Amino acid sequence: AQKVTQAQTEISVVEKEDVTLDCVYETRDTTYYLFWYKQPPSGELVFLIRRNSFDEQNEISGRYSWNFQKSTSSFNFTITASQVVDSAVYFCALDTFTSASKIIFGSGTRLSIRP
Amino acid sequence: DVKVTQSSRYLVKRTGEKVFLECVQDMDHENMFWYRQDPGLGLRLIYFSYDVKMKEKGDIPEGYSVSREKKERFSLILESASTNQTSMYLCASSPDGTGSLGRELFFGEGSRLTVL
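As you go down the protein sequences, you meet chains A and B in turn. Going from the first sequence to my numbering is simple: count from 1 and add 566. Going from the second sequence to my numbering is simple: count from 1 and add 1318.
Treat the hints as calculated values from the structure; they're not laboratory data. Hints may be right or wrong, so weigh each one.
[Claimed, not checked] Cβ-Cβ distance ranges computed for the label pairs, FRET-style:
(1) A:K569 / B:Y1328: 31 to 37 Å
(2) A:T575 / B:D1344: 43 to 49 Å
(3) B:D1346 / A:Q635: 16 to 22 Å
[To be verified] Restricting the straight-line Cα-Cα distance to at most 20 Å, the calculated cross-link-like pairs of lysine to aspartate or glutamate (EDC-like) are:
(4) A:K668 / B:E1397
(5) B:K1321 / B:E1427
(6) B:K1371 / B:D1346
(7) A:K582 / B:D1377
(8) B:K1375 / B:D1414
(9) A:K668 / B:E1335
[Unchecked claim] Where chain A lies over chain B, by a calculated footprint (3+ residues, C-beta under 8 Å):
(10) 1336 to 1349
(11) 1380 to 1388
Owing to the predicted nature of the structure, the values given are computational and were not obtained by experimental measurement. Quick reminder that beta carbons are idealized off the backbone N, C-alpha and C, glycines included.
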């Protein structure tokens, strides 16, 4: 079965705190891609990052970092020194050959950053 | 600036009405998708299309149909709207043909449909 689980429904932190959004996935495919998307209040999902299953190197982009661990089937997203503009719903997603073009999304985590 | 445009941000319809949701992309993408977004359920795929006049069912196609007569346009049709179709509908597109992995999706701003 192909599945993405985002167990954290809502997170609220004070500005400048660090916050980690969890993503756990399930697939039997050996080749797959993982994504994170951000949905601000305007509604339009915006692509943040893509990772393939053969590249476990962590990535950092400014205040954002991603930790991909195949051993625990996780692809967690950390925001360092959070800002109010980071408030959004964040989705983790999985793309595999087995899912045949049907990219699987998690249920999303609503992140609120309080000033 | 590349764009996916959905025709209506907000719609209110009555039970039994026929509803058309239009989506246009200007990126010459092969693939187009319709998702439904509900709280706690994330995004669920209704239908997708990887070429003109081609369509494939997603995970929740019941009660919906689609049309893709031109590459840039993908329409979602609710033949007879029901209250359980009240939701946010998101259109997306991606490059490359079917079978390609790792495609980034480009989303529209969504259409929030309320069925009374």
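Verification of the hints:
1. A:K569 / B:Y1328: 31 to 37 Å: holds (32 Å)
2. A:T575 / B:D1344: 43 to 49 Å: violated (35 Å)
3. B:D1346 / A:Q635: 16 to 22 Å: violated (37 Å)
4. A:K668 / B:E1397: violated (24 Å)
5. B:K1321 / B:E1427: Given that 20 Å is the threshold and the Cα spacing comes to 10 Å, the pair holds.
6. B:K1371 / B:D1346: Holds - the C-alpha atoms of D1346 of chain B and K1371 of chain B are around 15 Å apart, at most 20 Å.
7. A:K582 / B:D1377: violated (39 Å)
8. B:K1375 / B:D1414: Holds, because 19 Å separates the two Cα atoms, which is no more than 20 Å.
9. A:K668 / B:E1335: violated (29 Å)
10. 1336 to 1349: violated (count 1)
11. 1380 to 1388: violated (count 0)
Checked against the numbered hints given earlier, the structure breaks hints 2, 3, 4, 7, 9, 10 and 11 and satisfies all the rest.
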